[in-house]
Amino acid sequence: MVEVINRHPNVAPGPDGHGSDGEPKSRRDFIHIAAVAMAGGGAVAVAWPFINQMNPAADTLALGSIEVDISKVVVGQQIVVKWRGRPVFVRNRTPAEIEAAAKVPLSELKDPQTDAQRTKPGHAEHLIVVGVCTHLGCVPNFGTGTYGGWLCPCHGSVYDTSGRIRQGPAPKNLEVPEYAFTGPSKVKIG
Amino acid sequence: MSGPSNYVPKTGFERWLDVRLPIIRMAYDTGIDFPTPKNLNYWWTFGGILAVCLVTQIITGVMLAMHYSPTADGAFNSVEHIMRDVNMGWMIRYMHANGASMFFLAVYIHMMRGLYFGSYKAPREVLWILGCVIYLLMMATAFMGYVLPWGQMSFYGAVVITNFFSAIPFVGEAIHTWLLGGFAVDNATLNRFFSLHYLLPFMIAGVVGLHIWALHVPGNNNPTGVPVKSKEDTVPFHPYYTVKDAFAIVVFFILFAWFVFFAPEAMSHADNQIKANPLQTPAHIVPEWYFLPFYAMLKSVPDKLGGVLVMFGSIALLFVVPWLDRSKVRSMRYRPTARYFFLFFVVGTLFLGWCGGKLPDEVVIPVGRDAVTGEATGLTVLWVSRILTIYYYAYFLVVLPLLGLMETPLQMPETISSPVLSGKHGAGLPAGAAAAPEHKG
Numbered sequence: 000m001v002e003v004i005n006r007h008p009n010v011a012p013g014p015d016g017h018g019s020d021g022e023p024k025s026r027r028d029f030i031h032i033a034a035v036a037m038a039g040g041g042a043v044a045v046a047w048p049f050i051n052q053m054n055p056a057a058d059t060l061a062l063g064s065i066e067v068d069i070s071k072v073v074v075g076q077q078i079v080v081k082w083r084g085r086p087v088f089v090r091n092r093t094p095a096e097i098e099a100a101a102k103v104p105l106s107e108l109k110d111p112q113t114d115a116q117r118t119k120p121g122h123a124e125h126l127i128v129v130g131v132c133t134h135l136g137c138v139p140n141f142g143t144g145t146y147g148g149w150l151c152p153c154h155g156s157v158y159d160t161s162g163r164i165r166q167g168p169a170p171k172n173l174e175v176p177e178y179a180f181t182g183p184s185k186v187k188i189g
Numbered sequence: 000m001s002g003p004s005n006y007v008p009k010t011g012f013e014r015w016l017d018v019r020l021p022i023i024r025m026a027y028d029t030g031i032d033f034p035t036p037k038n039l040n041y042w043w044t045f046g047g048i049l050a051v052c053l054v055t056q057i058i059t060g061v062m063l064a065m066h067y068s069p070t071a072d073g074a075f076n077s078v079e080h081i082m083r084d085v086n087m088g089w090m091i092r093y094m095h096a097n098g099a100s101m102f103f104l105a106v107y108i109h110m111m112r113g114l115y116f117g118s119y120k121a122p123r124e125v126l127w128i129l130g131c132v133i134y135l136l137m138m139a140t141a142f143m144g145y146v147l148p149w150g151q152m153s154f155y156g157a158v159v160i161t162n163f164f165s166a167i168p169f170v171g172e173a174i175h176t177w178l179l180g181g182f183a184v185d186n187a188t189l190n191r192f193f194s195l196h197y198l199l200p201f202m203i204a205g206v207v208g209l210h211i212w213a214l215h216v217p218g219n220n221n222p223t224g225v226p227v228k229s230k231e232d233t234v235p236f237h238p239y240y241t242v243k244d245a246f247a248i249v250v251f252f253i254l255f256a257w258f259v260f261f262a263p264e265a266m267s268h269a270d271n272q273i274k275a276n277p278l279q280t281p282a283h284i285v286p287e288w289y290f291l292p293f294y295a296m297l298k299s300v301p302d303k304l305g306g307v308l309v310m311f312g313s314i315a316l317l318f319v320v321p322w323l324d325r326s327k328v329r330s331m332r333y334r335p336t337a338r339y340f341f342l343f344f345v346v347g348t349l350f351l352g353w354c355g356g357k358l359p360d361e362v363v364i365p366v367g368r369d370a371v372t373g374e375a376t377g378l379t380v381l382w383v384s385r386i387l388t389i390y391y392y393a394y395f396l397v398v399l400p401l402l403g404l405m406e407t408p409l410q411m412p413e414t415i416s417s418p419v420l421s422g423k424h425g426a427g428l429p430a431g432a433a434a435a436p437e438h439k440g
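Those protein sequences? They're chains C and R, same order as listed.
Just so you know, we're using numbering that gives the first Met the number 0 here: the first sequence kicks off at 0 and counts up by one.
Just so you know, we're using numbering that gives the first Met the number 0 here: the second sequence kicks off at 0 and counts up by one.
Please keep in mind that the hints were generated in silico from the structure rather than gathered at the bench.
Check before you lean on any hint, since a few could be wrong.
What the hints assert, rightly or not - DMTMM-like, lysine to aspartate or glutamate: derived pairs with alpha carbons at most 25 Å apart: (1) C:Lys109 / R:Glu172; (2) C:Lys109 / R:Asp302; (3) C:Lys81 / R:Asp72; (4) C:Lys171 / R:Asp360; (5) C:Lys171 / R:Asp28; (6) C:Lys109 / R:Asp360.
Just chain C, with the same shape it has in the complex (with noise of 0.2 Å):
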């Protein structure tokens, strides 16, 4: 004699002596079903602000913006100054600089950019960028490099006196920061 086990004794067997097997969904199903999916959720929702906690926190993301007097930067050097914790190029070009970085045919160019489009109407003598190399993130060296730019001491990527990426790993040109001339010599980045 074969003895039937009811697997689920909250639901009344079937005609065959069991509650489930081929049958709809009963009570306990759905209560399983129901406890794993509040779980879940409640997984997902605690997992959230472990993970959101790595985030930049408010004081970083207050570094907002910084102000730099550029009377200082002679013709044909550049000052360092960090904002957000990166070092920002500020340049002062040469005329025989940017004209070479104005005839460059954008055709010749990785990430196609005029020089134009990367300065500012009047100020075509400063090139503000950021110094990181858009490969990996070292900081390129001033004025190294065939194209007189900067030269990334790291996977030697090379960029032209326009902050353009030209030869070497790195996908982009040198990000150019959101910036404003606030006066004859002074810039706010940021």
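Knowing the structure of chain C, use the given hints to seat chain R on it.
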């Protein structure tokens, strides 16, 4: 941990404990009575060496953490404080810093042992994959540990490696910022790296437990690759391999001690004695020696995402080695062609590491002279890296899958014991089936 247990509790306390928590039984079955192939050579001692390395790193690390300050302002100075002021601090720090190198030296030998003797093949695939997980965790731990002294190399190592994640399309920048806790490597980054550097070794210890568990189910592979067939193929782990491992550990620690006391800075870089400066990258940045082959792969690809993929892919390949190798023969002792490909693989990877420490434009093999500048021209480090990176990939993706089908293996002994007891059991071998059993390891 598996198989029948021969443990017999001797004292009343042992009998009392055994029915409540059979922990002595487990230790006895894994560390004393465990049947181990009797032909293991010294390449098999590196598992024990690695266990001691992990314990050394955890103990010295816990002690260093008592004196270290994980802040961007204080980290560099607190390491100087450890070196100059803390009692014996210099020794503990040198043990920890050189211990990382010794750990990687041992793990690379351990992995090469596995690759040569086919220790990853069925039924040891899970054992091998757990080993790969440990290796990944080791790399993460070592990287974050290297950032903590907050020197120039520490800082730019952190900059470059965290930037790998910015290569991911679309979400890369968000992930990068999330990892750093800011827009650049700074205090938040250092702080979380310290937290994780303290956590990961204990995760490694956990996976090591699984690794040993997975080892004790099928038991050890051995230099012949022939499975254990009878009790006479094995000896108990204690005292045979406890003593052999202990001897190897002592020899290994002589080398370790030589580095700690006589050449403690041999594997570090002078630029890391300069405090981190976010505005100036050192002229020539290189990672620690144990990452150099991967660094060479990264530099050999002229594309950001491509370089990162090639580099991570080279490690991902290790996970699927059990399914790439189609040969039915485990040990390369009996694979006359495979062993040469393997030799080139080891030499090539070492040479790739050498390339990783060089500038890409340096000429390795001069062919001629530049007509204008008079400088030597020829095969540069960049091209040597490319060739060796291709060989690295080809070894796993072409040689291992195809050679297993094409190669004629040498005659293998029927059992582990038969080559040793050739007088009594060697009769089972066909004539000419020497298989060079006298060449031990």
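Results of checking the hints against the structure:
| no. | hint | in the structure |
| --- | --- | --- |
| 1 | C:Lys109 / R:Glu172 | holds (20 Å) |
| 2 | C:Lys109 / R:Asp302 | holds (12 Å) |
| 3 | C:Lys81 / R:Asp72 | holds (16 Å) |
| 4 | C:Lys171 / R:Asp360 | holds (22 Å) |
| 5 | C:Lys171 / R:Asp28 | violated (60 Å) |
| 6 | C:Lys109 / R:Asp360 | holds (22 Å) |
Comparing the model with each numbered hint stated earlier shows that hint 5 is the single one that does not hold.
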